[in-house]
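On the provided structure of chain A, position chains B and C as indicated by the hints.
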Amino acid sequence: MTTITRPTANSGGMLGSLGRLIAKLYEWHWYVLPPVVGIAMMAMIVGAVVVAPREAVEGQVQRLMYIHVPSAIAAYMAFGVVFVCSLMVLWKRDMRYDAVARGAATVGVLFTALMLATGALWGRPIWGTFWAWDARLTSSLLLFLLYAAYLLARSLADELDEQAARYSAVYAIVAYLDVPIIQMSVRWWRTLHPQPIVMRLPGDQQLPTSMLLVLYAGMIGILLLTTWLIVLRSETERIGARATALRATLDRAEGN
Amino acid sequence: MSSSWAVLEKDLRLLWRHRTGWLSALTFATISVLTYSFAFDLVTAEVKPLLPGVLWVTFLFAGTIACSRSFADEVEQGTFDALLLAPVPRTALYVGKVLANCVALLAVEVAVMLLATILFNVPLLTPALVLSVAVGTVGYVSLTTLLSTLGAHVRAREVLLPVLSLPLLVPLLIAGVRSTSAALDMPNGDAPWTLLLVVFAIWSILGSALLFPLAVER
Amino acid sequence: MTAIEARSLTKQFSGVPVLDRVTFAVEDGAKIALIGANGAGKSTLLSVLSTLALASSGTFQVGDIEADGDTAALRRKIGVLAHSPMLYEELTPLENLRFFAKLYGVTDGAERAQVLLERVGLWRRRDEATHVLSRGMHQRLAIARALIHRPSVLLLDEPETGLDQDGLALLDEEVLRAPGMTVLAATHMLDRIEAWADGRITLVRGRVATAEGTGVRTAVLEAVQAAAPAAQAVTS
Numbered sequence: 001m002t003t004i005t006r007p008t009a010n011s012g013g014m015l016g017s018l019g020r021l022i023a024k025l026y027e028w029h030w031y032v033l034p035p036v037v038g039i040a041m042m043a044m045i046v047g048a049v050v051v052a053p054r055e056a057v058e059g060q061v062q063r064l065m066y067i068h069v070p071s072a073i074a075a076y077m078a079f080g081v082v083f084v085c086s087l088m089v090l091w092k093r094d095m096r097y098d099a100v101a102r103g104a105a106t107v108g109v110l111f112t113a114l115m116l117a118t119g120a121l122w123g124r125p126i127w128g129t130f131w132a133w134d135a136r137l138t139s140s141l142l143l144f145l146l147y148a149a150y151l152l153a154r155s156l157a158d159e160l161d162e163q164a165a166r167y168s169a170v171y172a173i174v175a176y177l178d179v180p181i182i183q184m185s186v187r188w189w190r191t192l193h194p195q196p197i198v199m200r201l202p203g204d205q206q207l208p209t210s211m212l213l214v215l216y217a218g219m220i221g222i223l224l225l226t227t228w229l230i231v232l233r234s235e236t237e238r239i240g241a242r243a244t245a246l247r248a249t250l251d252r253a254e255g256n
Numbered sequence: 001m002s003s004s005w006a007v008l009e010k011d012l013r014l015l016w017r018h019r020t021g022w023l024s025a026l027t028f029a030t031i032s033v034l035t036y037s038f039a040f041d042l043v044t045a046e047v048k049p050l051l052p053g054v055l056w057v058t059f060l061f062a063g064t065i066a067c068s069r070s071f072a073d074e075v076e077q078g079t080f081d082a083l084l085l086a087p088v089p090r091t092a093l094y095v096g097k098v099l100a101n102c103v104a105l106l107a108v109e110v111a112v113m114l115l116a117t118i119l120f121n122v123p124l125l126t127p128a129l130v131l132s133v134a135v136g137t138v139g140y141v142s143l144t145t146l147l148s149t150l151g152a153h154v155r156a157r158e159v160l161l162p163v164l165s166l167p168l169l170v171p172l173l174i175a176g177v178r179s180t181s182a183a184l185d186m187p188n189g190d191a192p193w194t195l196l197l198v199v200f201a202i203w204s205i206l207g208s209a210l211l212f213p214l215a216v217e218r
Numbered sequence: 001m002t003a004i005e006a007r008s009l010t011k012q013f014s015g016v017p018v019l020d021r022v023t024f025a026v027e028d029g030a031k032i033a034l035i036g037a038n039g040a041g042k043s044t045l046l047s048v049l050s051t052l053a054l055a056s057s058g059t060f061q062v063g064d065i066e067a068d069g070d071t072a073a074l075r076r077k078i079g080v081l082a083h084s085p086m087l088y089e090e091l092t093p094l095e096n097l098r099f100f101a102k103l104y105g106v107t108d109g110a111e112r113a114q115v116l117l118e119r120v121g122l123w124r125r126r127d128e129a130t131h132v133l134s135r136g137m138h139q140r141l142a143i144a145r146a147l148i149h150r151p152s153v154l155l156l157d158e159p160e161t162g163l164d165q166d167g168l169a170l171l172d173e174e175v176l177r178a179p180g181m182t183v184l185a186a187t188h189m190l191d192r193i194e195a196w197a198d199g200r201i202t203l204v205r206g207r208v209a210t211a212e213g214t215g216v217r218t219a220v221l222e223a224v225q226a227a228a229p230a231a232q233a234v235t236s
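Here the protein sequences come in this chain order: A, B and C. The opening position of the first sequence corresponds to residue 1 in our numbering, with each subsequent residue numbered one higher. The opening position of the second sequence corresponds to residue 1 in our numbering, with each subsequent residue numbered one higher. The opening position of the third sequence corresponds to residue 1 in our numbering, with each subsequent residue numbered one higher.
Warning: the hint list may mix true and false statements.
Claimed, not checked - Using 25 Å as the maximum straight-line C-alpha spacing, the simulated DMTMM-like pairs for lysine to aspartate or glutamate come out as follows:
| hint | chain 1 | residue 1 | chain 2 | residue 2 |
| --- | --- | --- | --- | --- |
| 1 | C | Lys77 | C | Glu66 |
| 2 | A | Lys92 | A | Glu235 |
| 3 | C | Lys102 | B | Glu46 |
| 4 | A | Lys92 | C | Asp198 |
| 5 | C | Lys102 | B | Glu76 |
| 6 | A | Lys92 | C | Glu66 |
| 7 | C | Lys77 | B | Glu217 |
Since the hints were derived computationally from the structure, they do not count as laboratory data.
Next comes chain A alone, as it looks inside the complex:
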């Protein structure tokens, strides 16, 4: 005789069927994602180490590009997910979005760190320094700090604390909207100054096709990995929340 009210039942329409499709795909992720991610990651590593040609000027260290560039893209994608989910937390008041936002933020911070680390390793032999106060480097570092702060703020409160979820969502939204302003300001700040030799991949020189192909493989690999990590993280969060809720229900049933 127990009845459960589900506040978020999909009710018809375009969005409904799309939701059902996503739900269907989601059911299969456990069987599909791990092998696909594995294959893609292998392709990326083999491609970067074996297939791609040695770059004439920069040498072996240039192979870091195949991790560095996809990491940057993955980080931006993850932060986009955090933004959208944070809007949904405020709008729909559904804690599942909070779980996804947290998972995505963790993954985004991870990839930003990877991007900064590979960038530093790459920069040392090429620019002669691990770190330069270049506009792009600075805004990447700030991005890392912003979302690390988000995770810190969120972790100070209970996972199931709706109020804390809403506050963190507000912070994530402000942070995301701040990113363009940060980029604009650091660009004005730095490019108006004399610079040490900051040469990224020379823009006029096109990448050879083999390099491009490996880069694309790397991007696909890392994007899939990001998706999988986000799914895993949010799944873990969701199960944890469920367990806590069940415990609370039990306590209530026993009359506490």
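This is chains B and C only, laid out in the frame that chain A set:
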């Protein structure tokens, strides 16, 4: 609007009664300017080029100190609920808070600039400079006040607030330092820094006013 | 005429229903005691009715104002006395009342504050800081604060807290038995209920177990569910 004034008036009264908040911000700001001047004086005899940076870093930290308690006190006394129960838009409550914090911080800033004028023999209290500082203050106070609601419920709020706010405020810091340099006739590049200050202030006050009601909803 | 009508109010905290399809109606001018064990949902119900918390599903109305309608008008109708006295400790009693009068847009705020302070017996101490007042005086001042905007419906959460015999008499006179006022008060003082309450609502684990006495009724759950399809339950 009248409710914003009521909150402003009440907060100013509380600021006056309960002086520890802005007095500690003022003390901090004074000590900060002094410490910086001692520290840099050993390196270079010419402290003036460092002054804009010293001032703005001081302002931002003083702002964090002054704003950090503005909602925490309300939450602890339960009066935050009383405010939310009132038949006024939540944005009006937020605006009242921001205005009160702005008044407190502008007072602190003017005091610091007066002190710096005497210590560094640089005329700081010019209309151009005061104006850019005022615009910058609106920018960082509106954002810090919003973020202080986030920290109001957690224990480590004094540490959390600067960790949250400073990365967000980097554009304001850069723009503030540069436009202050410009007002002091120092080389500063020719980007429209004051415009960036204005844009940041508008962005932060609009964004916060929109998000505040959503944040406090339960 | 009903003063408060709750229709299938449900509030979940992280998936756990704290209020489960709470449905009742309180008549104009009725004094209703809200009773139940700790954690039965009394405070949550009061915070939902006072618009501090949003219901997960279901709705309510105060007078003829729907919860999702004109919230400002709804908030003007209700006075709230919560667990915490909700007062500024650094302000004086008079300043506290004047501030809330302004916030509620009470035009004769100064006179109203004086009248209320006299009625709760704090006029003599109007200019002292609130934090020097005793717990009982805090509660008296909180009563004055709740009444400042002449609400027609009062939501009280354990209003007896900290009050001595005189204070309790005052509470009965000004609030619990005030003519024309609709009262819904969560309380643990069962022996005092007889003295003031017309009826009582008993909450058990977030549900309305019984609604007895005059001035209050609860609807049959199924009928309510049929009327409110949003809250329709999925039978598992």
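Okay, the hints, checked on the actual structure:
1. Simply put, Lys77(C) and Glu66(C) have alpha-carbon atoms about 12 Å apart, close enough for the 25 Å limit, and the pair holds.
2. In summary, the hint linking Lys92(A) to Glu235(A) is supported, as the alpha carbons are separated by about 19 Å, within the 25 Å threshold.
3. Proposed proximity of Lys102(C) and Glu46(B) is contradicted: the alpha carbons are some 53 Å apart, above 25 Å.
4. Of the supplied pair hints, the one linking Lys92(A) and Asp198(C) is violated, its CA atoms being roughly 40 Å apart against a limit of 25 Å.
5. Our distance criterion of 25 Å between C-alpha atoms is met by Lys102(C) and Glu76(B), whose separation comes to about 22 Å.
6. Only pairs whose Cα atoms come within 25 Å are accepted, and Lys92(A) paired with Glu66(C) is accepted, the gap being roughly 21 Å.
7. Of the pairs offered as hints, the one joining Lys77(C) and Glu217(B) holds, with about 20 Å between alpha carbons and a cut-off of 25 Å not exceeded.
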